[in-house]
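Q: Use the sequences and the hints to build the structure in full.
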Amino acid sequence: VVGTSSGAISATNAAVRLTGTAAPDGLVVTSPVTSGNPDAYKPWVRQSVFSNDLDNIKIPVLVVVHTEDKCIRTPPVLGARIIRKTNGAREQAVAVTGGAGRVGDESVKACKGRSPHGFIGQEEEVAAGIARFTVVARIKRYDLRHCRPVIGGNRGRLFVITLNFDQRGLRDAALCQLR
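FYI, my numbering numbers position 92 of the sequence shown as 92, with every residue one higher than the one before it.
Hints in this document: simulated from the structure, not taken from any laboratory. Take these hints with a grain of salt, some might be off.
Straight-line Cα separation of at most 16 angstroms, EDC-like style, residue types lysine to aspartate or glutamate; simulated pairs [to be verified]:
1) 85 / 55
2) 109 / 68
3) 58 / 25
4) 58 / 91
5) 112 / 123
6) 112 / 68
7) 85 / 53
A: Below, the structure is given as structure tokens:
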């Protein structure tokens with residue numbers, strides 16, 4: 001399961017709660033919401049990925065952040081803290097640099113797909129890195145019928161990695177957004 005921005009809260013929740021055949025094979029969070037305010041009135045301001053019992057996550061975990069992400073809810077310095085709290089079979093934190101996005105001041109306005117928060121101009125490279133991680137983690141379940149290719153980052157949506165195998169191994173991969 002893959003979650004971006006506030007979607008990372010749902011993705012980590014699924015990784016914590018789902019078991020048996022319903023359990024995901026791995027967890028990937030990109031630009032995860034790691035900063036919340038427990039005293040806030042609105043639940044989407046209160047919660048972060050740390051609101052979930054991350055120590056219950058035993059599956060492979062990949063955390064991807066952008067060093068220039070200025071979204072106040074997703075400070076890149078907190079990304080690696082996620083894997084320090086999980087007990088994944090395999091864990092990796094990646095900090096992406098560069099890209100075409102505008103770098104501005106820290107604010108909620110920076111939490112947009114067409115910025116470093118959404119890895120603008122680097123979508124293919126980030127998706128390829130995620131696919132490499134998932135292949136190593138041996139995540140093999142995929143279903144092309146329920147996803148479409150994603151162009152640009154999207155805030156707070158769940159994504160799925162689509163891996164196409166043939167007899168020789170991985171043929172291609174795509175990052176897809178659930179409809």
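Q: Could you work out which of the previously given hints the structure breaks and list their numbers from low to high?
A: Of the numbered hints given earlier, the structure breaks none, since each of them holds.
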